[in-house]
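We have chain A already, so just place chain B with the ligands on it with the hints.
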Amino acid sequence: MQKVFQKSALLTDTPFHYCPGCTHGISHRITAEALEELGGKQGIIGVAPVGCAVFAYNYFNCDIQQAAHGRAPAVASGIKRVCPDKIVFAYQGDGDLASIGMAETVHAAARGENITIIFINNAIYGMTGGQMAPTTLIGQKSTTSQGGRTAALQGNPIRICEMLATLDGASYIARVSLHDLKSVVAAKKAVKKAFDYQVAGKGFSLVEILSTCPTNWGMTPENSMEYVKNEMTKVYPLGVFKEV
Amino acid sequence: MSERILMKGNEAVAEAAVRGGCRYFFGYPITPQNEIPEYMSKRLPEVGGAFIQAESEVSAINMVYGAAGAGGRAMTSSSSPGISLKQEGISYIAGAELPCVIVNMVRSGPGLGGILPSQGDYFQSVKGGGHGDYRMLVYGPASIQEAVDITYKAFEKAEKYRIPVMILGDGVLGQMMEPVVLPEMTDIASIPVKEWATDGTKSGKDRRIINSLYIEADVLEGMNNKFAALYERMKAETACETYLADDAEIILTAFGITARIAKSAVDILRESGVKAGLIRPITLYPFPSDIYAQYAAKKTVKQFITLELNLGQMVEDVRLAVNGAKPVDFYGRSGGNIMSPEETVQQVLKKIK
Ligand SMILES: Cc1ncc(C[n+]2csc(CCOP(=O)(O)OP(=O)(O)O)c2C)c(N)n1
Ligand code: SF4
Numbered sequence: 001m002q003k004v005f006q007k008s009a010l011l012t013d014t015p016f017h018y019c020p021g022c023t024h025g026i027s028h029r030i031t032a033e034a035l036e037e038l039g040g041k042q043g044i045i046g047v048a049p050v051g052c053a054v055f056a057y058n059y060f061n062c063d064i065q066q067a068a069h070g071r072a073p074a075v076a077s078g079i080k081r082v083c084p085d086k087i088v089f090a091y092q093g094d095g096d097l098a099s100i101g102m103a104e105t106v107h108a109a110a111r112g113e114n115i116t117i118i119f120i121n122n123a124i125y126g127m128t129g130g131q132m133a134p135t136t137l138i139g140q141k142s143t144t145s146q147g148g149r150t151a152a153l154q155g156n157p158i159r160i161c162e163m164l165a166t167l168d169g170a171s172y173i174a175r176v177s178l179h180d181l182k183s184v185v186a187a188k189k190a191v192k193k194a195f196d197y198q199v200a201g202k203g204f205s206l207v208e209i210l211s212t213c214p215t216n217w218g219m220t221p222e223n224s225m226e227y228v229k230n231e232m233t234k235v236y237p238l239g240v241f242k243e244v
Numbered sequence: 001m002s003e004r005i006l007m008k009g010n011e012a013v014a015e016a017a018v019r020g021g022c023r024y025f026f027g028y029p030i031t032p033q034n035e036i037p038e039y040m041s042k043r044l045p046e047v048g049g050a051f052i053q054a055e056s057e058v059s060a061i062n063m064v065y066g067a068a069g070a071g072g073r074a075m076t077s078s079s080s081p082g083i084s085l086k087q088e089g090i091s092y093i094a095g096a097e098l099p100c101v102i103v104n105m106v107r108s109g110p111g112l113g114g115i116l117p118s119q120g121d122y123f124q125s126v127k128g129g130g131h132g133d134y135r136m137l138v139y140g141p142a143s144i145q146e147a148v149d150i151t152y153k154a155f156e157k158a159e160k161y162r163i164p165v166m167i168l169g170d171g172v173l174g175q176m177m178e179p180v181v182l183p184e185m186t187d188i189a190s191i192p193v194k195e196w197a198t199d200g201t202k203s204g205k206d207r208r209i210i211n212s213l214y215i216e217a218d219v220l221e222g223m224n225n226k227f228a229a230l231y232e233r234m235k236a237e238t239a240c241e242t243y244l245a246d247d248a249e250i251i252l253t254a255f256g257i258t259a260r261i262a263k264s265a266v267d268i269l270r271e272s273g274v275k276a277g278l279i280r281p282i283t284l285y286p287f288p289s290d291i292y293a294q295y296a297a298k299k300t301v302k303q304f305i306t307l308e309l310n311l312g313q314m315v316e317d318v319r320l321a322v323n324g325a326k327p328v329d330f331y332g333r334s335g336g337n338i339m340s341p342e343e344t345v346q347q348v349l350k351k352i353k
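Protein chains in written order, with our numbering: chain A, 1 to 244; chain B, 1 to 353.
Next comes chain A alone, as it looks inside the complex (with noise of 0.2 Å):
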């Protein structure tokens, strides 16, 4: 019998404990299937942050460590400075980047880590049961923004790509989707090519991928999906932000 597709060695046989619907599975598949499209010469060392993805080191099928609370790109630039060779690569949530782990986002990008982040924005706190995140949208409703979020009494949403893109130490910064096939499919493009970057050794990259959270949002899978298409993509347009 001819095998047509299988799932990528880089991920184990552990079931994603993920709700139905949650796209940190599919984001798990792609930057698992990028890594092993580098040929698996290099070895290869991940960071699993505080969030929903903290079991990522069940998941993914290499060395992992798992970083406090926003502290995966710190762990990760301590990792590199060790192995210059192998692939260091952080995921994270937005509560866990943009908010607590801020500064060790920005001074990575700015320091040049030769390193890769792949950035969940579900504009959610999703693992503590939906407070609003750094990335939660005007309007947008949360345990902590119960009458949706506004300006005057939240702050605006951060954007994070547009904000790396402006350091020198950024190589590759891009932002995608996984709203539908198409989406899919230029997403990991743009996680392989953020890999790629690495292993030439050009300095920090980071693929922002729009999440969602159907449990958090209160939403079926398939609206989550609309909501990220029609909404969250206004206030966090797709591209490239920054390439060297």
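Read the hints as simulated data drawn from the structure, not as lab findings.
In this text, all values refer to a predicted model and were calculated from it rather than measured experimentally.
Where a beta carbon is used, it is the ideal one built from N, C-alpha and C, also for glycine.
Hints may contain errors.
Claimed, not checked - For lysine-lysine, the following DSBU-like pairs were computed, each having C-alpha atoms within a straight-line distance of at most 30 Å: (1) 127(B) with 351(B); (2) 226(B) with 153(B); (3) 235(B) with 86(A); (4) 298(B) with 86(A); (5) 189(A) with 202(B); (6) 193(A) with 3(A); (7) 41(A) with 205(B); (8) 86(A) with 42(B); (9) 298(B) with 127(B); (10) 202(B) with 7(A); (11) 8(B) with 153(B); (12) 235(B) with 157(B); (13) 302(B) with 127(B); (14) 202(B) with 192(A); (15) 182(A) with 242(A); (16) 189(A) with 205(B); (17) 205(B) with 235(B); (18) 275(B) with 353(B); (19) 182(A) with 141(A); (20) 235(B) with 302(B); (21) 202(B) with 193(A); (22) 41(A) with 263(B); (23) 86(A) with 202(B); (24) 3(A) with 202(B); (25) 41(A) with 202(B); (26) 202(B) with 202(A); (27) 182(A) with 192(A); (28) 205(B) with 86(A); (29) 194(B) with 86(A); (30) 7(A) with 205(B); (31) 127(B) with 326(B); (32) 193(A) with 182(A); (33) 157(B) with 193(A); (34) 202(A) with 235(B); (35) 226(B) with 192(A); (36) 205(B) with 3(A); (37) 194(B) with 42(B).
What the hints assert, rightly or not - Covered by chain A, according to a simulated footprint, are these stretches of chain B (three or more residues, beta-carbon under 8 Å): (38) 87 to 99; (39) 231 to 242.
Just chain B with the ligands, lined up with the frame of chain A:
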């Protein structure tokens, strides 16, 4: 080869770390420890290592986590407010069983406090500091030579137990100069390979995970019990110096730089006919409780007097060790003030029962 040279405490500690195999240093400026990162920024590239001036102490300790997890001999240093910021990271390092060395050249607090010396971080060093049930191997060196010797061996100890090792100095130790003999450079190739390190050389079922998350209560309790057993084994590292204590009636006790003052006070007291002696813990955790208990049980010993550059922290451990057998008194200075030997003698004479 074993030439005596005059060195500033901070620089001597940094060089001792390099000679002890340290190749990765992550720091952030804070007085009075700045000479350590400054020295490392120049020295580590010379020996094939790496230095990062991190964006904060929080970041620095997490870089240590990453580097130590990847198998490198990694270190950070700071002073009190910076160490407070590192506490979450230290707890993660302890929980993930990673070896590293942390130097704290203590300044006076609380808050921004002052840059003058203090021993006010005793509690946060020996009682946990960060969250959860963990301990570190904590040393309180009293001279630059002792700080050098301890730092040199610190990585070996950290790796033996897979724990963070803390060297608790203070502004005096960091800033003063003393003659030291530096140890030989460790041959990096002789350091045993760490089979558990995430260095990207293994994959599939052989891959390694550095983690401190245990979601099931029984599993986490199992880890905590494992740590408790480890800390029990670590008691083998307990180190302590006694000075004229054998026939002493009044036992002064102090650690670090304060013990140097206490020693001078013992000499003055002896000259004036008071049978004084000194117990100086070299490891603050594990605490040399047995030594205190032994002396407390001696008929000749009438009283203990603890001296510290704080408002009374180690004295609690002394009281636990003495366990009511003899009175334990305390004299301390804070805010960056340091007691003189004469002042110490006067205070001791006042407190003698
Ligand atoms: C220091 C610290 N503060 C808070 C938490 C609690 N916490 C766990 S996950 C999380 C938010 C994660 O949200 P995000 O990064 O957006 O990831 P998601 O779960 O949405 O994938 C928080 C605040 C923690 N573990 N540590
Ligand atoms: S809570 Fe949200 S982000 Fe977390 S797994 Fe569920 S859907 Fe995904």
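Outcome of the hint check:
Taking the CA atoms of residue 127(B) and residue 351(B), the gap is near 28 Å; set against the 30 Å cutoff, the hint holds. The straight-line distance between the Cα atoms of residue 226(B) and residue 153(B) is roughly 24 Å, inside the 30 Å bound, and the hint therefore holds. Using a Cα cut-off of 30 Å, the hinted pair residue 235(B) and residue 86(A) is violated, with the two alpha carbons roughly 38 Å apart. For a cut-off of 30 Å, the pair hint linking residue 298(B) to residue 86(A) is broken: about 61 Å separates their Cα positions.
Annotation: proposed proximity of residue 189(A) to residue 202(B) holds, straight-line Cα distance about 26 Å (limit 30 Å). A C-alpha spacing of about 27 Å is found between residue 193(A) and residue 3(A), which places the hinted pair at or below 30 Å, so the restraint holds. Our distance criterion of 30 Å between C-alpha atoms is met by residue 41(A) and residue 205(B), whose separation comes to about 17 Å. For the hint linking residue 86(A) to residue 42(B), the alpha-carbon distance of about 25 Å falls within 30 Å, and the restraint holds.
Of the supplied pair hints, the one linking residue 298(B) and residue 127(B) holds, its CA atoms being roughly 29 Å apart against a limit of 30 Å. Restraint check for residue 202(B) and residue 7(A): the C-alpha separation of about 20 Å stays at or below 30 Å, so the hint holds. Note on residue 8(B) and residue 153(B): the hinted pairing holds, with a Cα-Cα distance of about 19 Å set against a maximum of 30 Å. For the hint pairing residue 235(B) with residue 157(B), the CA-to-CA distance comes to about 12 Å; that is within 30 Å, so the pair holds.
For the given pair, residue 302(B) sits about 29 Å from residue 127(B) by alpha-carbon distance, which is consistent with the 30 Å threshold. Annotation: proposed proximity of residue 202(B) to residue 192(A) holds, straight-line Cα distance about 22 Å (limit 30 Å). Restraint check for residue 182(A) and residue 242(A): the C-alpha separation of about 22 Å stays at or below 30 Å, so the hint holds. Using a Cα cut-off of 30 Å, the hinted pair residue 189(A) and residue 205(B) holds, with the two alpha carbons roughly 28 Å apart.
The suggested pairing of residue 205(B) with residue 235(B) is violated, with an alpha-carbon distance near 36 Å, which exceeds 30 Å. Only pairs whose Cα atoms come within 30 Å are accepted, and residue 275(B) paired with residue 353(B) is accepted, the gap being roughly 13 Å. The hinted pair formed by residue 182(A) and residue 141(A) meets the criterion: a straight-line CA distance of about 29 Å does not exceed 30 Å. Between residue 235(B) and residue 302(B) the alpha-carbon distance is near 27 Å, which keeps this suggested pair within the 30 Å criterion.
Restraint check: the Cα-Cα separation between residue 202(B) and residue 193(A) comes to about 24 Å, which is no more than 30 Å; the hinted pair holds. A hinted pair counts as satisfied when its Cα atoms are at most 30 Å apart, and residue 41(A) with residue 263(B) does not qualify at roughly 61 Å. At roughly 11 Å between alpha-carbon atoms, residue 86(A) and residue 202(B) fall within 30 Å of each other, so this suggested pair holds. About 27 Å separates the Cα atoms of residue 3(A) and residue 202(B), which keeps this hinted pair within 30 Å; it holds.
Restraint check for residue 41(A) and residue 202(B): satisfied, since their Cα atoms lie roughly 11 Å apart, inside the 30 Å limit. Taking the CA atoms of residue 202(B) and residue 202(A), the gap is about 25 Å. The hint holds against a cut of 30 Å. Distance restraint check for residue 182(A) and residue 192(A): the Cα-Cα separation of roughly 16 Å lies within the 30 Å cut-off, and the hinted pair is therefore satisfied. For the hint linking residue 205(B) to residue 86(A), the alpha-carbon distance of about 19 Å falls within 30 Å, and the restraint holds.
Restraint check for residue 194(B) and residue 86(A): the C-alpha separation of about 17 Å stays at or below 30 Å, so the hint holds. The hinted pair formed by residue 7(A) and residue 205(B) meets the criterion: a straight-line CA distance of about 16 Å does not exceed 30 Å. Taken as a hint, the residue 127(B) and residue 326(B) pair is honoured in the structure, with Cα atoms around 24 Å apart against an allowance of 30 Å. For the hint pairing residue 193(A) with residue 182(A), the CA-to-CA distance comes to about 17 Å; that is within 30 Å, so the pair holds.
About 43 Å separates the Cα atoms of residue 157(B) and residue 193(A), which puts this hinted pair outside 30 Å; it is violated. The hinted pair formed by residue 202(A) and residue 235(B) fails the criterion: a straight-line CA distance of about 48 Å is larger than 30 Å. Using a Cα cut-off of 30 Å, the hinted pair residue 226(B) and residue 192(A) is violated, with the two alpha carbons roughly 42 Å apart. Between residue 205(B) and residue 3(A) the alpha-carbon distance is near 23 Å, which keeps this suggested pair within the 30 Å criterion.
Between residue 194(B) and residue 42(B) the CA atoms are separated by roughly 27 Å; this keeps the pair inside 30 Å, and the hint holds. Given a C-beta distance limit of less than 8 Å, the hint that chain A covers the segment 87 to 99 of chain B holds, as 4 residues qualify and 3 suffice. Coverage of the segment 231 to 242 of chain B by chain A is violated [criterion: at least 3 residues with CB-CB distance below 8 Å; count 0].
Going through the hint list in order, the structure does not satisfy hints 3, 4, 17, 22, 33, 34, 35 and 39.
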